[in-house]
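2 protein chains.
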Amino acid sequence: MSLTPSMAAPWKQLILSALETNAHLKHNRFIQLATVTPNGQPSNRTVVFRGFFPESDKIQINTDWRSSKIEDLKNCPFGEICWYFTDSWEQFRLSGRIDIIDASYPDPAKLQLREKAWFSSSLNSRLQYLVPHPGLPRIVDEPEEGVDLDPLKGPVNAFCVLEFDPEKVDYLNLKTNERLVYKSEKIGDRMRHWVIQEVNP
Amino acid sequence: MSLTPSMAAPWKQLILSALETNAHLKHNRFIQLATVTPNGQPSNRTVVFRGFFPESDKIQINTDWRSSKIEDLKNCPFGEICWYFTDSWEQFRLSGRIDIIDASYPDPAKLQLREKAWFSSSLNSRLQYLVPHPGLPRIVDEPEEGVDLDPLKGPVNAFCVLEFDPEKVDYLNLKTNERLVYKSEKIGDRMRHWVIQEVNP
Numbered sequence: 002m003s004l005t006p007s008m009a010a011p012w013k014q015l016i017l018s019a020l021e022t023n024a025h026l027k028h029n030r031f032i033q034l035a036t037v038t039p040n041g042q043p044s045n046r047t048v049v050f051r052g053f054f055p056e057s058d059k060i061q062i063n064t065d066w067r068s069s070k071i072e073d074l075k076n077c078p079f080g081e082i083c084w085y086f087t088d089s090w091e092q093f094r095l096s097g098r099i100d101i102i103d104a105s106y107p108d109p110a111k112l113q114l115r116e117k118a119w120f121s122s123s124l125n126s127r128l129q130y131l132v133p134h135p136g137l138p139r140i141v142d143e144p145e146e147g148v149d150l151d152p153l154k155g156p157v158n159a160f161c162v163l164e165f166d167p168e169k170v171d172y173l174n175l176k177t178n179e180r181l182v183y184k185s186e187k188i189g190d191r192m193r194h195w196v197i198q199e200v201n202p
Numbered sequence: 002m003s004l005t006p007s008m009a010a011p012w013k014q015l016i017l018s019a020l021e022t023n024a025h026l027k028h029n030r031f032i033q034l035a036t037v038t039p040n041g042q043p044s045n046r047t048v049v050f051r052g053f054f055p056e057s058d059k060i061q062i063n064t065d066w067r068s069s070k071i072e073d074l075k076n077c078p079f080g081e082i083c084w085y086f087t088d089s090w091e092q093f094r095l096s097g098r099i100d101i102i103d104a105s106y107p108d109p110a111k112l113q114l115r116e117k118a119w120f121s122s123s124l125n126s127r128l129q130y131l132v133p134h135p136g137l138p139r140i141v142d143e144p145e146e147g148v149d150l151d152p153l154k155g156p157v158n159a160f161c162v163l164e165f166d167p168e169k170v171d172y173l174n175l176k177t178n179e180r181l182v183y184k185s186e187k188i189g190d191r192m193r194h195w196v197i198q199e200v201n202p
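Residue numbers (our numbering), protein chains in the order written: chain A, 2 to 202; chain B, 2 to 202.
A portion of the hints provided could be inaccurate.
With a straight-line cut-off of 16 angstroms between C-alpha atoms, the simulated EDC-like cross-links for lysine to aspartate or glutamate are [unchecked claim]:
| id | chain 1 | residue 1 | chain 2 | residue 2 |
| --- | --- | --- | --- | --- |
| 1 | A | Lys27 | A | Asp100 |
| 2 | A | Lys27 | B | Asp88 |
| 3 | B | Lys27 | A | Asp88 |
| 4 | B | Lys176 | B | Asp88 |
| 5 | A | Lys59 | A | Glu168 |
| 6 | A | Lys111 | A | Glu168 |
None of these hints come from the bench; they were simulated from the model.
Because the structure is a prediction, the values reported are computed rather than measured.
Bound-form chain A, shown alone:
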């Protein structure tokens, strides 16, 4: 079964339109992802929106397995994305579950998505996964040129893909002063039933 456009989540078109309106801005795909640390405190960082997974409303984010967000997500698999479009003055707050697709993921179809994500990344992006452990003290003497990347080789272990499945979307338009809240319930394994409500901004 494939999802026809009318079966896509009702907020998806709003995001696609905002991406188009803000397409001239390099940072239009920069989003802030909040997670909860193992000691129960909030954590927040900028990540890049890599698009929606094929025929779904799930969002793709590439990340390094060694980054602290992975530890956060193993402990609490929920995230909230805050996405502010600086030109159209639109804010999306998307909350939902996050699945970590790493090298040892049991589903071959997901591993294929990971491989596809790797090869559609630029060589420069791929190189980031071969450099020393992010967040650890920098050893200045370390030679940077030591890194060797074969463009035909598949994903390295540190490369993983986050599959973000939005359950609730809070949309705010600061130009029209309009705020819409989309809430969902899961129907079966792949579908969600969405309810929209206009709320006070």
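Fit chain B to the given chain A structure using the hints.
What follows is chain B alone, placed relative to chain A:
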């Protein structure tokens, strides 16, 4: 005792410089604040940086007492700010405790800060605290002109000020590929001792 510039936190000047470099951008003071909801999930939204409190490194954020972040903070008083400067490609992640200064706050000095924050807000900003409950269903028939604001009158109950006290600051410069982590320990009631470490980006 007043804080001399040399006693300010070592990351403060980096923020002030970034604000200057990005001063031509209307959104340079828009920051993403993550909190944890009472059910332990992450929450994330854009708020406005209103400056540092006088002679301190604490950050001022104005908010509506009726917004969900207040409930979050009553339950877990920690926040993480993610601040991405879109022109200079600098990211600051500031984590720390948040104090809610509302109308019933016991310290008169803090109540004075709240009053000052109210009067330094534009009349339009102040009006936002008089409109219907944010996040509740919108009643379209409600007359918008019914709101009356006396410019000389002090803060309304819904107006409160968040005092964000950074304990850790993670600075990333995407142009120079430099990452610095500032960690602190409290010394007495007002001072912090900061330790800086360069880490892998």
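Against which earlier hints does the structure fall short, listed by number upward?
1, 6
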